[in-house]
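Given the sequences, and given the hints that come with them, work out the whole structure.
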Amino acid sequence: MSQTDVAELRDEFDRWLTSTLPTDYYDKYSTYRWDLGLRREYQRASFEAGWIQPTWSPGQGGRSLPPAAALEIRLRAALRSAPKLPNIAGPNVAAPAIRSFGTPDQVSRLLTPCLDGSEWWALGMSEPEAGSDFASLRTRALRTGDVFTVNGHKIWTTQAHESRWAVLYVRTDPEAPKHKGISCLVLDMETPGVTIEPVRMASVSDETFCEVFLDDVEIPASALLGPENGGWQVAMSALGHERQMIWVMNWVETRRGLEALRTNRKGTCDDLHSTVGALLADAEALRLNGYRALHNESSGRPSPEGDILKLFGSLALQRTWETVAAALGPAAVTDPDLEFERHDGLAATIYGGTSEIQRNIIGERLLGLPKG
Amino acid sequence: MQIGPNADQLELQAATREVLSRSCPSTLIRQTYTDPRAWQDLWKTAVHTGWTQLAVRGIGPEDFGLTTTDLVLTLEACGGALAPIPLVSSIGVAAGALRTIGSRALDLLTDLADGSIATLAVQPSGQRLPGLALTLADDGRVHGSAQCVADAVHADLLVALCSSGDRTALAVIPIGDGVLIEPAKSADPSRPLAVVTVDAEAIESASVDFEQAVAPGLLALAAELVGIAQGALDIAVDHATTRRQFDRAIGSYQGIKHALADDYVAVERARALVYGAAALLDDAAAGPQVWDACALAKAAANDAALACTRTAVQVLGALGQTWEHDIHLYLRRAWVGAALLGDSSSLYHVAGRRFMSEGAR
Chain A
412 MSQTDVAELR DEFDRWLTST LPTDYYDKYS TYRWDLGLRR EYQRASFEAG
462 WIQPTWSPGQ GGRSLPPAAA LEIRLRAALR SAPKLPNIAG PNVAAPAIRS
512 FGTPDQVSRL LTPCLDGSEW WALGMSEPEA GSDFASLRTR ALRTGDVFTV
562 NGHKIWTTQA HESRWAVLYV RTDPEAPKHK GISCLVLDME TPGVTIEPVR
612 MASVSDETFC EVFLDDVEIP ASALLGPENG GWQVAMSALG HERQMIWVMN
662 WVETRRGLEA LRTNRKGTCD DLHSTVGALL ADAEALRLNG YRALHNESSG
712 RPSPEGDILK LFGSLALQRT WETVAAALGP AAVTDPDLEF ERHDGLAATI
762 YGGTSEIQRN IIGERLLGLP KG
Chain B
1162 MQIGPNADQL ELQAATREVL SRSCPSTLIR QTYTDPRAWQ DLWKTAVHTG
1212 WTQLAVRGIG PEDFGLTTTD LVLTLEACGG ALAPIPLVSS IGVAAGALRT
1262 IGSRALDLLT DLADGSIATL AVQPSGQRLP GLALTLADDG RVHGSAQCVA
1312 DAVHADLLVA LCSSGDRTAL AVIPIGDGVL IEPAKSADPS RPLAVVTVDA
1362 EAIESASVDF EQAVAPGLLA LAAELVGIAQ GALDIAVDHA TTRRQFDRAI
1412 GSYQGIKHAL ADDYVAVERA RALVYGAAAL LDDAAAGPQV WDACALAKAA
1462 ANDAALACTR TAVQVLGALG QTWEHDIHLY LRRAWVGAAL LGDSSSLYHV
1512 AGRRFMSEGA R
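Respectively, the protein sequence lines represent chains A and B. Per the working numbering, residue 412 is the first one in the first sequence, and the count goes up by one each step. Per the working numbering, residue 1162 is the first one in the second sequence, and the count goes up by one each step.
Hints were generated in silico from the structure; no laboratory data involved. One thing to keep in mind: the hints can contain errors.
Straight-line alpha carbon distances no greater than 20 angstroms define the calculated EDC-like cross-link-like pairs of lysine to aspartate or glutamate that follow [claimed, not checked]:
id	chain 1	residue 1	chain 2	residue 2
1	A	K589	A	D527
2	A	K782	B	D1395
3	A	K495	A	E653
4	A	K495	A	D425
5	A	K782	B	E1179
6	A	K591	A	E639
7	B	K1205	B	E1179
8	A	K782	B	D1399
Right under this line is the structure:
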């Protein structure tokens, strides 16, 4: 696609976005950003217009755009503060897994409602004893004929209580090495034996954690996503998609924080100028590394830049909101929106793989240092 | 938007590295510490191989289609090898400033492409950031004195940014009568520094925009610093992989592994900003944001080079304190590079202040 084509596409997206958002959207952004009804409508409209996964075919709710053009649209949406998807895990993590690993029946039943937001998805990964060490998960699925009987306990399962489905990781071969005995199942949350208990969050987040208890839950073998005992590959592919999405969110939040700083504290805070300069460098380096990773991937070259985006972006985001807080003085702690951003910033270095795990990945896979 | 090198440019950089691995061993850098002519053979190689042709990229009759991305890739390779030649001072910083006066500079730039050496005088006494250290009088004579002029002892031409009434002028002065070069005790003897005092006539002068003239130099130093950072990181990783304590390679301990991972992030942060600024410098439509991009790239490269050399010295333990180990060669070049044209705090400060005082864009 030429630069002109991309510019035209961006204009088309801009016009669509303007016509889709309420006319007072930017005046009342602080209210609208929490408006679930608006965000649901936005997701449906976005799916219908082919913007939700623009690289996919029109039959799958996309526009068959090349990855670089799709990234432009994603950055544009972020820059214009387009409404946040109410169930990010659905279109951005579950849908790519269904599309890559699903049977034709699974794709035809599950993909569209996942993308248009009519059915929400949860990710059943973490367990009380399997957090960063995801491969040590213990939830057991015993196969008898064409049915798996599942027993176990998932935790930190975001939005499980509002989800219709979950991508559930279970141990199907306890004898195999731990990475090779995991399978991925599509769990219908209405199945008997599934108990969901929300966990109250420290912040006002609407992305609530849940505990999911599984007692003799029967799941048909037709619900396998990917091959039996091939769940590790499904998880790695899903996390890859999640990390691509996370850096864009980190970038736009960092830019938004810097804009907030400039708008509210223009001409003050001399002591923070070099901190702000370093954050400007962070934001730009994050964007540029995102582009580098994309170009290297599409040219078939290794893209080690991609492996730093999660660590780097989440730290930049955290530093940004702490700088905004410093700039506001005591007023910082009477502002519920900022309180939310600071909680959100602290979560960013945890979800999608903690900073410590990211540093292990960089150290071991990119630098070739020995495992501990 | 293409950020960073394409396949051809990567191939060219690999060829540059290959030349350096043959002709620039660490013994050569050590030799330049005591022998003032030891750098000259490598400089001849640089001229013959065509690295100096980067001075006329995009403007010369025979520029081979080179771009600023090729320049930063070459300087990055030179930084990695600690090449003790004035390529960054002459082709990066001085030629970068000269190029802003347009076609009038073509003959001078062609001389630089053919191996003449220039350096930029832009550091006033007592300041952290570059500025106007000299003055250009109406009679065409340049007066004054500039600090920390890199590679001045090797140079044929001095390029100076001068105050000239209420404007900024670029002036070119041949090094000879009326130009006094007093060597300083550079922390890196392979990157000599000097105080340059001028009372001489300019052979060329033109009004310039100060930031536009300095920006390419910031970028060039940043590119070399990225190479230095990467070189120091590679040494630290190698040691962490082979050195064993408590029956394990020390790089298996998270205290060391995570420090090196953070350094890797610092290098890629700087490298991305260098590649982004290189693309912007070649974009005719780009405006004042070029200085910001180059300044942030320099600040990030300072951070990366200082962090990677500091960590490497720590990882090497007592070995890193010795003259025999090469890490102090990297440390010295990093210290000098990071100090020229602005330390990171002052560059971030300028960019941050500017951002905070602007209206929303």
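Of all the hints numbered above, which does this structure not satisfy? Sort the numbers upward.
Per hint list: 1 and 5 violated.
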